[in-house]
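If you're matching them up, the sequences are chains A and B in order.
Using this note's numbering, you'd call the opening residue of the first sequence number 1 and step up by one each time.
Using this note's numbering, you'd call the opening residue of the second sequence number 1 and step up by one each time.
Derived by calculation from the structure, the hints in this document are not laboratory data.
Incorrect hints may appear among the rest.
[Said to hold, decoys possible] Chain B stretches covered by chain A per the calculated footprint, using a threshold of three residues with CB under 8 Å from any CB of chain A:
id	region
1	15-27
2	36-44
3	282-292
4	297-305
5	422-432
[As the list claims (entries may be wrong)] Derived pair list, reagent style DSSO-like, types lysine-lysine, alpha-carbon separation capped at 30 Å:
id	chain 1	residue 1	chain 2	residue 2
6	A	LYS81	B	LYS6
7	A	LYS252	A	LYS222
8	B	LYS162	B	LYS241
9	A	LYS63	A	LYS86
10	A	LYS478	B	LYS84
11	B	LYS24	B	LYS142
12	A	LYS159	B	LYS214
13	A	LYS253	A	LYS435
14	B	LYS421	B	LYS84
15	B	LYS36	A	LYS61
16	A	LYS159	B	LYS24
17	B	LYS24	A	LYS81
Glycine residues also receive a C-beta, built at the ideal position from the N, C-alpha and C atoms.
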Amino acid sequence: MSIASQSGLEKKIFLDPTKQSTLPKKQNTKSEKASVEYQRYEIETAKTPQIFPYPNRFRVKVKKHRLLLLILKEIFHYRGKMKVVKDPPCVYGVFSGPVGGMIPREHLCVGCLRCTTQHPDLARIEFNADFLKLGDSYFSNELIDTIMNEAKDGNVPVKGAGYRGRFGGTGWNGMWTDMSEIVRPTRDGIHGREFISTVVDIGEKASFLDFSGKTEFPSFPKINLPLPMILDLLPEDVYRSDILQILSNSAKKVESLVVLPFSLIKKESLTGSHIVPLVKKGEEDEFSQYYSEREISMVEVEDAESWQKITNNFPQLIIALRVGFTEDLSNHLKAGIRVFHLTANYHGQAGNEFVLDAIGHAHRQVVKHRLREQTTLIGSGGIIAAEHVPKAIICGLDLVALDTPILVALQASLGGESVSSDSHHIKLPPKLESKWGTQRIENLLSSWRDQLLEILGAMGIREVRRLRGETGRAMFQKDLEKEAFGEITGYHE
Amino acid sequence: MSNQLKDKTTEELIVEKHLAALTKGFQSWPTLEHGKMPALGDARWTADLIYSTWVQAQTGSVPKNGLEYKVGNSGGGFDLLDFKFADKAKASTAKPADTSISLNKRSFGKRCDIPLPFYGAGMSYGSISQQVMLSRAKVAKKWGTFTCSGEGGYPDELIPYKDHVITQVATGLFGIREEVIRYAPIVEFKYAQGAKPGLGGHLLGDKSSIAVSKIRESVPWTSLFSPFPFHSVYSIEDHKKHIDWVKTINPEALISVKVSTPNDVDMVAVGSYYAGANIIHLDGSYGGTGAAPQIAKKNIAMPIELAIPKVHKHLVKEGIREEVVLIASGGIRTAHDIAKAIALGADGCVLGTSELVALGCTRCSNCERGRGCPFGLTTTDAQLSQLIQPDRAAEKLDNLYRSIQEQLQEILRDLGLSSIKELRGRVDLLLYKRENQKEKTEGEKN
Numbered sequence: 001m002s003i004a005s006q007s008g009l010e011k012k013i014f015l016d017p018t019k020q021s022t023l024p025k026k027q028n029t030k031s032e033k034a035s036v037e038y039q040r041y042e043i044e045t046a047k048t049p050q051i052f053p054y055p056n057r058f059r060v061k062v063k064k065h066r067l068l069l070l071i072l073k074e075i076f077h078y079r080g081k082m083k084v085v086k087d088p089p090c091v092y093g094v095f096s097g098p099v100g101g102m103i104p105r106e107h108l109c110v111g112c113l114r115c116t117t118q119h120p121d122l123a124r125i126e127f128n129a130d131f132l133k134l135g136d137s138y139f140s141n142e143l144i145d146t147i148m149n150e151a152k153d154g155n156v157p158v159k160g161a162g163y164r165g166r167f168g169g170t171g172w173n174g175m176w177t178d179m180s181e182i183v184r185p186t187r188d189g190i191h192g193r194e195f196i197s198t199v200v201d202i203g204e205k206a207s208f209l210d211f212s213g214k215t216e217f218p219s220f221p222k223i224n225l226p227l228p229m230i231l232d233l234l235p236e237d238v239y240r241s242d243i244l245q246i247l248s249n250s251a252k253k254v255e256s257l258v259v260l261p262f263s264l265i266k267k268e269s270l271t272g273s274h275i276v277p278l279v280k281k282g283e284e285d286e287f288s289q290y291y292s293e294r295e296i297s298m299v300e301v302e303d304a305e306s307w308q309k310i311t312n313n314f315p316q317l318i319i320a321l322r323v324g325f326t327e328d329l330s331n332h333l334k335a336g337i338r339v340f341h342l343t344a345n346y347h348g349q350a351g352n353e354f355v356l357d358a359i360g361h362a363h364r365q366v367v368k369h370r371l372r373e374q375t376t377l378i379g380s381g382g383i384i385a386a387e388h389v390p391k392a393i394i395c396g397l398d399l400v401a402l403d404t405p406i407l408v409a410l411q412a413s414l415g416g417e418s419v420s421s422d423s424h425h426i427k428l429p430p431k432l433e434s435k436w437g438t439q440r441i442e443n444l445l446s447s448w449r450d451q452l453l454e455i456l457g458a459m460g461i462r463e464v465r466r467l468r469g470e471t472g473r474a475m476f477q478k479d480l481e482k483e484a485f486g487e488i489t490g491y492h493e
Numbered sequence: 001m002s003n004q005l006k007d008k009t010t011e012e013l014i015v016e017k018h019l020a021a022l023t024k025g026f027q028s029w030p031t032l033e034h035g036k037m038p039a040l041g042d043a044r045w046t047a048d049l050i051y052s053t054w055v056q057a058q059t060g061s062v063p064k065n066g067l068e069y070k071v072g073n074s075g076g077g078f079d080l081l082d083f084k085f086a087d088k089a090k091a092s093t094a095k096p097a098d099t100s101i102s103l104n105k106r107s108f109g110k111r112c113d114i115p116l117p118f119y120g121a122g123m124s125y126g127s128i129s130q131q132v133m134l135s136r137a138k139v140a141k142k143w144g145t146f147t148c149s150g151e152g153g154y155p156d157e158l159i160p161y162k163d164h165v166i167t168q169v170a171t172g173l174f175g176i177r178e179e180v181i182r183y184a185p186i187v188e189f190k191y192a193q194g195a196k197p198g199l200g201g202h203l204l205g206d207k208s209s210i211a212v213s214k215i216r217e218s219v220p221w222t223s224l225f226s227p228f229p230f231h232s233v234y235s236i237e238d239h240k241k242h243i244d245w246v247k248t249i250n251p252e253a254l255i256s257v258k259v260s261t262p263n264d265v266d267m268v269a270v271g272s273y274y275a276g277a278n279i280i281h282l283d284g285s286y287g288g289t290g291a292a293p294q295i296a297k298k299n300i301a302m303p304i305e306l307a308i309p310k311v312h313k314h315l316v317k318e319g320i321r322e323e324v325v326l327i328a329s330g331g332i333r334t335a336h337d338i339a340k341a342i343a344l345g346a347d348g349c350v351l352g353t354s355e356l357v358a359l360g361c362t363r364c365s366n367c368e369r370g371r372g373c374p375f376g377l378t379t380t381d382a383q384l385s386q387l388i389q390p391d392r393a394a395e396k397l398d399n400l401y402r403s404i405q406e407q408l409q410e411i412l413r414d415l416g417l418s419s420i421k422e423l424r425g426r427v428d429l430l431l432y433k434r435e436n437q438k439e440k441t442e443g444e445k446n
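With these hints in hand, go ahead and build the complete structure from the sequences.
So, in structure tokens, the structure goes:
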């Protein structure tokens, strides 16, 4: 992550409220040159298995007396050829433990069902009730499991045999992304020669070039993030020293940001430009004092008054207004606010709307004010799967902030309906090792970024910034069904 | 018994043992004497659909014990469509309805009729075993229809069936040699595939055995990527050059163009027609037999049910509908799906997963894991692939084809039609049943 001026020079800065800008005019030293040398962005992944108990998807039930009978029958039938008798139906090793099928190694079962297919009276594969209980009504067990695997190795989840789910649906599920069939010469797909950029900007941008004789272009503080994902605020009761350390380390390592309550940052003495303090009403003066000498790139506030106070003290600081999706942005835009962090609850509800629709409304509101290019929209709440990131961006966000998926990656259990930071049952495991937790989050972000690249590659879009608000690159179920089924008796919108 | 035991190797006995047990299992589960497998099936392929496909593969007819063999439980698309059988009544029951379709509607080139409105999907040597390929080729020959090589050429054992094997040319050009183009009655250009549109193909290193890599002219046991897109095709004109190249080698070959289902699929279809395609093959996003990123399967491009009418109507509008064959695939599971796809505007369909289910697939989605499919379907593992015996497997497919034909004839009879061709685009014969139940979870992935 870097803070950059409009001229494109990149350098981390310390904000001093007394100075307008500390950006250098040109690069002089060797180290400065090296700092802007091109490096392909990559998140380092490493195998980081679950360390706390996690339910296997399947239960393997074997009727032992029948198994014994089968073995005896086969010993007789194959005249003691034990290699034949002992060869199990499972190719994944479930029955290859020291006592074979007598004590199946359930954790190895992948649910292929071969054992039960060929021995209906002896073996039975069932869904594990503990697995089915994972998650809540929004964060399904399948999604929990997907995140577990993504956090484990950072890979893109790949499976055979086609799609297994329901046909479209509501919310995120009622939307498909487009792809480019016979493509234009400007793209080469994800395996091609060209690089697909996932860089996004936070901060105001100049809306036009001024050639009126001025020699200086307007300079706005801007953050370039190499991926359109930051780590969001979590419920206050989950913050522990170890968790704060993990969040801070992960954000720093992937060159992203983490939003944390200012009070906690201060208490834990967390530092770094990757940390975004959330300053509550009444904390502005304390904040100004605390950060006058410290490195910071961005701050979040919860109302316009706080925004104004901090802007007065830190004119070069990016200050995001964190409000619900239902907020009318008009007055804030008129007041000069250009960075918004819009929030829905953990189930993606924003008032009466689902977050996907709310994103569209917010985006169009800013477009209507002719300020979309100058404004950054960050969104959070209900974004719990890799596919939600491109979909949210297509509908109008610049980038997303992740909440509950981060906790799930750290093996937190939802333990019941977890709707918001005030109403949840999220429980984290006991003290987490920093290295393990940091790597789990890195793996998750790497996997989600790679999946974003898959979507962009299929579309033939070479940078994620071009995806923002491109609803023409999305297909909505209700529109397609109307076109396809409109003439069929019984169909109505 | 003892002599038989003596004559067989341990490996042969192991295969025999498992094969016997599996055969029994495939027969006994659909009887429901053991209930239903608790972990079998999903929204698209329910346990009932899987069982009923097993039954059809064994008996050549639909199950009679109440298993739902027509639709799945996906809550949309084909699963919410039905036929207006209330208006039935007219056609004579004396003569079964004609289920044949033509794969060349142009006024030039060879005639090519198939007796069923579907043929076999492209599944490459490597992604499936040689035994499975052979089984599919055998049944294609028996019915006078086609199966498709997929991208990767095919082994010499398939040459006797070459008149029934479509050669697929995809971006990696794996296994594409002059002779496989010369053999081919139909050459299929695969621009994209429904399960992973815009992402190309990928054969995992573990599956790229010595035999597979020999045909693909690659290094054994290394992963093979078939990149997206064709780096020589950036326009319809470029695509036309590909077709010219094939026609130079095999002037008789019909040309099929396989594309997935993006927003502008209708325009792509028109362009493909003008470049010389005989068949436009739409591959919808919910199908696929091989391994694919989960995000792609669910989210990229539209389901086939929505793409067929879009393309059909556009071809009609362009005045070229009667000159091009529209084939649909990607999520076609049953005879009823085939009939619905045709009523929506397709001429015919391509079946992939249904054939694998008939041969014993439980849709466990582990095709890419370890030694490959534990049922011997999508694997190149020497022992596992022995679980498929081509002659027996071809019989199963033959039974499935017969059952599908009978069901199609029954549907046509009940609709008062005498030919499957009359059903094309007849959305007036369809009924949409809206599902009342709201989807339970917004975040539900699959």
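Structure-based check of each hint:
1. 15-27: With 7 residues in contact (Cβ-Cβ under 8 Å with chain A), the coverage given for the region 15-27 of chain B holds.
2. 36-44: Holds: 7 residues of the region 36-44 of chain B have a Cβ under 8 Å from chain A.
3. 282-292: It holds: at least three residues are needed, and the region 282-292 of chain B offers 8 whose Cβ sits within less than 8 Å of chain A.
4. 297-305: holds (count 8)
5. 422-432: Satisfied; 5 residues make the cut.
6. A:LYS81 / B:LYS6: At roughly 11 Å apart (the allowed maximum being 30 Å), LYS6 (chain B) and LYS81 (chain A) satisfy the hint.
7. A:LYS252 / A:LYS222: holds, 17 Å
8. B:LYS162 / B:LYS241: holds, 25 Å
9. A:LYS63 / A:LYS86: At roughly 17 Å apart (the allowed maximum being 30 Å), LYS86 (chain A) and LYS63 (chain A) satisfy the hint.
10. A:LYS478 / B:LYS84: holds, 23 Å
11. B:LYS24 / B:LYS142: Given pair LYS24 (chain B), LYS142 (chain B) holds - Cα atoms ~26 Å apart, limit 30 Å.
12. A:LYS159 / B:LYS214: Distance of about 26 Å is within 30 Å: holds.
13. A:LYS253 / A:LYS435: Within the cut-off at roughly 11 Å; holds.
14. B:LYS421 / B:LYS84: The hint holds at about 18 Å.
15. B:LYS36 / A:LYS61: holds, 15 Å
16. A:LYS159 / B:LYS24: holds, 28 Å
17. B:LYS24 / A:LYS81: holds, 22 Å
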